[in-house]
Structure formats: structure tokens, C-alpha cells
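K.L.:
Under numbering that gives the first Met the number 0, the first residue of the sequence shown carries the number 0, and numbering increases by one thereafter.
Keep in mind that the hints were calculated from the coordinates and are not lab data. Among the clues, some could well be false.
[Stated by the list, open to error] The calculated lysine-lysine pairs, modelled on DSS-like cross-linking and capped at a C-alpha distance of 25 Å, are: (1) Lys158 <-> Lys131; (2) Lys245 <-> Lys260; (3) Lys224 <-> Lys39.
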Amino acid sequence: MRKEELKDKNPWNRVVENFHANETDCLLLVEDNGQYVCIKDKKAIQEYNTKCAKAKKEDNQIITNTPPEPWRGNPLEANLVILSLNPGYSHVINETLAKLIQSNDIVRTQLANFRKRTLSLDAESFLPEDEKKGVISCEEAEDMLSGWYWSKRFYALQKELEMSANLTKKQFYRKVAVIEYHGYSSKLATTGLPLLPSQEFVRNLVKYISSKENIVFLIMRAMDKWEPLLNKKDDMIWNTLVDKNKLIYKTKPGRCQYITKDNLKECNNKNGYEIIKDVLLT
Numbered sequence: 000m001r002k003e004e005l006k007d008k009n010p011w012n013r014v015v016e017n018f019h020a021n022e023t024d025c026l027l028l029v030e031d032n033g034q035y036v037c038i039k040d041k042k043a044i045q046e047y048n049t050k051c052a053k054a055k056k057e058d059n060q061i062i063t064n065t066p067p068e069p070w071r072g073n074p075l076e077a078n079l080v081i082l083s084l085n086p087g088y089s090h091v092i093n094e095t096l097a098k099l100i101q102s103n104d105i106v107r108t109q110l111a112n113f114r115k116r117t118l119s120l121d122a123e124s125f126l127p128e129d130e131k132k133g134v135i136s137c138e139e140a141e142d143m144l145s146g147w148y149w150s151k152r153f154y155a156l157q158k159e160l161e162m163s164a165n166l167t168k169k170q171f172y173r174k175v176a177v178i179e180y181h182g183y184s185s186k187l188a189t190t191g192l193p194l195l196p197s198q199e200f201v202r203n204l205v206k207y208i209s210s211k212e213n214i215v216f217l218i219m220r221a222m223d224k225w226e227p228l229l230n231k232k233d234d235m236i237w238n239t240l241v242d243k244n245k246l247i248y249k250t251k252p253g254r255c256q257y258i259t260k261d262n263l264k265e266c267n268n269k270n271g272y273e274i275i276k277d278v279l280l281t
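Working from the sequences, and respecting the hints, build out all of it.
P.N.:
Pasting the structure below:
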């Protein structure tokens, strides 16, 4: 499958059409009419959320009135792709801070347009590179609205490569991406959620990326979900990644996703951290 064909089949393209940067609630919808949900995912999510409500487990529900994040950065262009679970949700960040950011027309417009480019697989980087025009930059707004989660986890690696190999922050963030097991937020990690139709595209996306040279995948959580998603009888993507030494694991199970030498296993007799550094410098 060619890249443009893959992008055309992106189920999130329809969501992009419903993401209007000029609307002052685009980062936190006042009326949630399912416009941020892939059409074929709606039924499964509604059934799952109803089940959670009946069981009084509302914190496990999928949240659909905030912009989805099936991936961060541009996985099609990155050298390091992290496989994660799903975007987190915090009232302070995803509601209070979102309201503050979207109250500024300039910052909201820049950020919403960046999120749209990201969903369309057209983003230039993990972080927006727009010129600062408002009280804060679009990069700062994106980092804040993500709870500074990934910038904290990338920080040590990014600084090391900047000091040792003159890889600038801008160059670094053009080389990294995250793909989520599913792209919707939740307060707690989801349990019991059936496979969503949009996850078949995620599978095809990983398959396409895996065929490229100078690419490595890093999985630090949700391995029990990713392996069965990627492995099918007719197409064992996970096994292929392992066989080609393109999949790096953590040394110990858990939710920690900090990228350090001690946190990653060896792959092909080389520490995973060193492999990541090498591929980011190609």
C-alpha cells in the first residue's frame, strides 16, 4: 500500500472535517454530538460507556468531547515510534486548561489547526512549529494541553542527543511519534473495551511503517493488547517486528514510559537505548 493510499483510508479524516478552529469550544465541546468519534466506532463506544455507567465505573468511560489523539507527531515520517495505550484525561488539564487556551483566538486557532494536521497524518513534527503570535506559543499550548507528558519523557534523551551530537530540539521532535492502542481519552486505563474499527487502521499504519528502513518501535506499556492486535494468522506484524529487531521493550512491566538506558532491554545484543539513539541520528 502506498502512503497516499493509506492516508486516504484514514478513518480520522471525517473527524478532521468536524474540527473547526474558529469555534470557541473546539478543544472542549460544550455539546458532545459524537463529532470527535470515528463513525464506525460510535456503536461500540456507546455500548461500552453504558456498561460502565451501569457498573458505576464512570472513570473508565471513553471521553469523546475532547480532540482524539490516535497518534502524536507524524508516524509516517518518524524514526522512533512509541506504541502506547490511550490518551489520559485530567479535569484540570483537559477541561480547565483547555477552556483557558481556547479563550485565546490566536492560540486556539493555531493549536486546533495543528491537531487537524496531526489527525490527517500531515503534521510536520511532534510539537507545532508555528511562529509565536499570542501570549504563549502554539508549542507551549500543545505541551500544556498534553499535560507535559511526553516532553517530560523525551527530555533526557533529547538533551543527550543535543549535547553529544548537536541534534536540535526541532530536529528531534521531527523524528519521534507515538501511536495509541486506541485514540480516545479516559480517566482510567480502559478495560473490557472491544476492538474498535479504527484500530484496524492503526494496525495497517504500523504495518506500513514497519516496512521502512531506519525505523524502530518502542513499547513500554499495553504489550498484552498490542501483540494480539498486530498478530493475525495471515499477517503476523508483531512477530515480524521482533524478527527484524525493530521492536524494543522495557526491562520491567509497569506504566512508566521514561526512556532511559536502564529501562530498556537489549535487542540483538545491543541496549535498546543505544539503538534508539542511533536511529534518531540517521
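K.L.:
Next, verify each hint and record whether it holds.
P.N.:
Cross-check of the supplied hints:
no.: 1; hint: Lys158 <-> Lys131; result: holds (23 Å)
no.: 2; hint: Lys245 <-> Lys260; result: holds (17 Å)
no.: 3; hint: Lys224 <-> Lys39; result: holds (20 Å)
Figure legend: structure checked against the earlier numbered hints; every hint is met.
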